[in-house]
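Using the sequences and the hints, build the whole thing.
Per the numbering used here, the very first residue in the sequence shown carries number 27; after that it's consecutive.
Note that these hints are calculated values from the structure, not bench results. Please note that the accuracy of each hint is not assured.
To be verified - Distance condition first, Cα-Cα at most 20 Å in a straight line; then the derived PhoX-like pairs of lysine-lysine:
#1 367 - 29
#2 151 - 128
#3 124 - 187
#4 279 - 319
#5 279 - 187
#6 291 - 246
#7 175 - 279
Claimed, not checked - Ranges of calculated distance between the beta carbons of each label pair, as one might list FRET restraints:
#8 271 - 338: 37 to 45 Å
#9 286 - 128: 36 to 44 Å
#10 253 - 137: 39 to 47 Å
#11 372 - 343: 47 to 55 Å
#12 173 - 330: 27 to 35 Å
#13 173 - 144: 25 to 33 Å
#14 203 - 345: 24 to 32 Å
#15 345 - 94: 24 to 32 Å
#16 259 - 288: 31 to 39 Å
#17 218 - 127: 19 to 27 Å
#18 288 - 184: 19 to 27 Å
#19 330 - 118: 38 to 46 Å
Ideal placement from N, C-alpha and C gives every residue a C-beta, glycine not left out.
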Amino acid sequence: MGKPAARARIDSSAHTGPIQSGSPNVIIGGFPAARKGDPLSCSQHGQGSILSGSTTVFVNGLPLAREGDKTGCNTSATPAVATTQPAPPQYWGGTAAKGAGKDGAIHGDVYDARVLGAYASLEDKSGFGKPDTASAGFALADITVGNTKSQDKYKGEVRTKVGVANASGTLVTDRADYGAINLNANATAIQYGASGSIGKEGEQYGGVGGDVYLATAEAKAVSEMYDGNKGRYGFNVELGAEAAAVKGEATAKADFYGVVVADGKLSGSAGSAGASAGVGTWIDSTDYSFNLKVSGELAVALGLGGDASIKLALKPILDWIYDDDESKPSPAAGSGDGVIKTGCVTVLVGD
27 MGKPAARARI
37 DSSAHTGPIQ
47 SGSPNVIIGG
57 FPAARKGDPL
67 SCSQHGQGSI
77 LSGSTTVFVN
87 GLPLAREGDK
97 TGCNTSATPA
107 VATTQPAPPQ
117 YWGGTAAKGA
127 GKDGAIHGDV
137 YDARVLGAYA
147 SLEDKSGFGK
157 PDTASAGFAL
167 ADITVGNTKS
177 QDKYKGEVRT
187 KVGVANASGT
197 LVTDRADYGA
207 INLNANATAI
217 QYGASGSIGK
227 EGEQYGGVGG
237 DVYLATAEAK
247 AVSEMYDGNK
257 GRYGFNVELG
267 AEAAAVKGEA
277 TAKADFYGVV
287 VADGKLSGSA
297 GSAGASAGVG
307 TWIDSTDYSF
317 NLKVSGELAV
327 ALGLGGDASI
337 KLALKPILDW
347 IYDDDESKPS
357 PAAGSGDGVI
367 KTGCVTVLVG
377 D
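Written out as structure tokens, the structure is:
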């Protein structure tokens with residue numbers, strides 16, 4: 027359920043102090059919209075600011091504040107730095123099936139299906155505020171049934187694809203902290219597959235899967251460089267082209283509380299031609315992790331038998347040691363923490 031939107035100069039915050047200023051150009055109920063980081067005054071503690079807001083509604087790039095959102099006294103009254111929001115995806119699709127979405131597919135809680143359908147899309151997969159990935163494809167039938175969208179402990183799905191072809195490309199060359207030139211195209215006459223998992227990723231998790239392809243071909247080129255983007259420093263490159271009359275793949279993944287995450291893929295084919303190889307390594311400062319992946323002929327040359335990747339992270343261990351909730355002191359009474367007490371009852375804003 028939505029909450030009343032907060033406004034400057036009329037709505038009150040913790041300890042009855044008013045919100046002092048808000049958006050310079052967005053008006054709600056005749057007053058400036060209040061945002062996360064906007065200043066407030068407090069009769070008990072002096073200056074303060076709004077500490078939280080909506081996660082889906084933004085004003086001038088900042089979360090819109092609502093009645094009930096957190097405030098803090100004795101905190102900076104400077105608005106938080108606005109973060110770039112991902113550009114909304116754009117879809118185009120056509121299908122013989124009724125009830126399909128803009129992407130040309132039918133979506134349900136336990137299934138996704140595309141029948142006699144074609145699609146094209148532009149997406150912002152890097153999250154830099156503008157489209158960077160273009161995709162297009164066609165399928166006589168592409169049907170997935172399972173509960174993988176749920177929060178169930180046990181999940182599984184089965185896949186059937188007939189006459190499927192798609193291609194995609196990603197281009198990011200104007201960033202100092204990230205660069206990508208990725209191309210991928212594949213086509214398959216028939217594919218059958220299934221997968222299952224138990225547990226929750228980031229805790230204890232294990233998953234396995236398998237697929238069989240008849241008359242399949244794929245070409246791929248991946249080049250990514252990380253220099254601080256999302257805390258990553260390193261690279262990921264892959265190049266290959268393969269075709270096979272019959273191909274089989276088996277996959278497995280394991281996760282132990284985010285400390286060790288590993289997955290691998292074994293494949294075999296008959297009537298095949300082509301080769302591929304790839305390697306990627308990077309460190310991630312957000313979880314103090316080291317990441318390594320190898321694929322294709324390089325993985326075979328290293329004696330791994332198939333594609334493999336592993337992640338080793340220190341942050342979960344440090345959190346267990348230093349961030350035990352039971353050891354955290356409770357905030358002192360009258361510390362200045364509070365919430366916005368009023369809002370515009372005719373403008374309701376969700377989470």
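Right, here's what the structure says about each hint:
1. For the proposed pair residue 367 and residue 29, the alpha carbon gap of about 11 Å is at most 20 Å, so the pair holds.
2. Between residue 151 and residue 128 the alpha-carbon distance is near 18 Å, which keeps this suggested pair within the 20 Å criterion.
3. For a cut-off of 20 Å, the pair hint linking residue 124 to residue 187 stands: about 19 Å separates their Cα positions.
4. Distance check on the hinted pair: residue 279 and residue 319 sit about 13 Å apart at the alpha-carbon level, within 20 Å; holds.
5. Distance restraint check for residue 279 and residue 187: the Cα-Cα separation of roughly 23 Å exceeds the 20 Å cut-off, and the hinted pair is therefore not satisfied.
6. At most 20 Å may separate the alpha-carbon atoms for a hinted pair to count; residue 291 and residue 246 meet this at roughly 17 Å.
7. For the suggested pair residue 175 and residue 279, the alpha carbons sit about 18 Å apart, so the restraint of at most 20 Å is met.
8. Range check, residue 271 to residue 338: Cβ separation about 39 Å, and the 37 to 45 Å hint holds.
9. Checked against the hint of 36 to 44 Å, the C-beta distance between residue 286 and residue 128 comes to roughly 40 Å, which is consistent with it.
10. The given range of 39 to 47 Å is respected by residue 253 and residue 137, whose C-beta atoms sit roughly 41 Å from each other.
11. A beta carbon spacing of about 50 Å between residue 372 and residue 343 agrees with the range 47 to 55 Å that was offered as a hint.
12. In this structure, residue 173 and residue 330 meet the distance hint of 27 to 35 Å, their C-beta atoms being roughly 32 Å apart.
13. At roughly 28 Å, the beta-carbon separation of residue 173 and residue 144 lies within the given 25 to 33 Å, and the hint holds.
14. In this structure the supplied range 24 to 32 Å holds for residue 203 paired with residue 345, their Cβ-Cβ distance being about 26 Å.
15. Roughly 28 Å separates the CB atoms of residue 345 and residue 94, a value that falls within the hinted 24 to 32 Å.
16. The hinted range of 31 to 39 Å is not satisfied by residue 259 and residue 288, whose Cβ atoms lie roughly 21 Å apart.
17. A hinted range of 19 to 27 Å holds for the C-beta pair residue 218 and residue 127, which are about 25 Å apart.
18. At roughly 25 Å, the beta carbons of residue 288 and residue 184 sit within the given window of 19 to 27 Å.
19. At roughly 41 Å, the beta carbons of residue 330 and residue 118 sit within the given window of 38 to 46 Å.
In summary, the numbered hints that this structure violates are 5 and 16.
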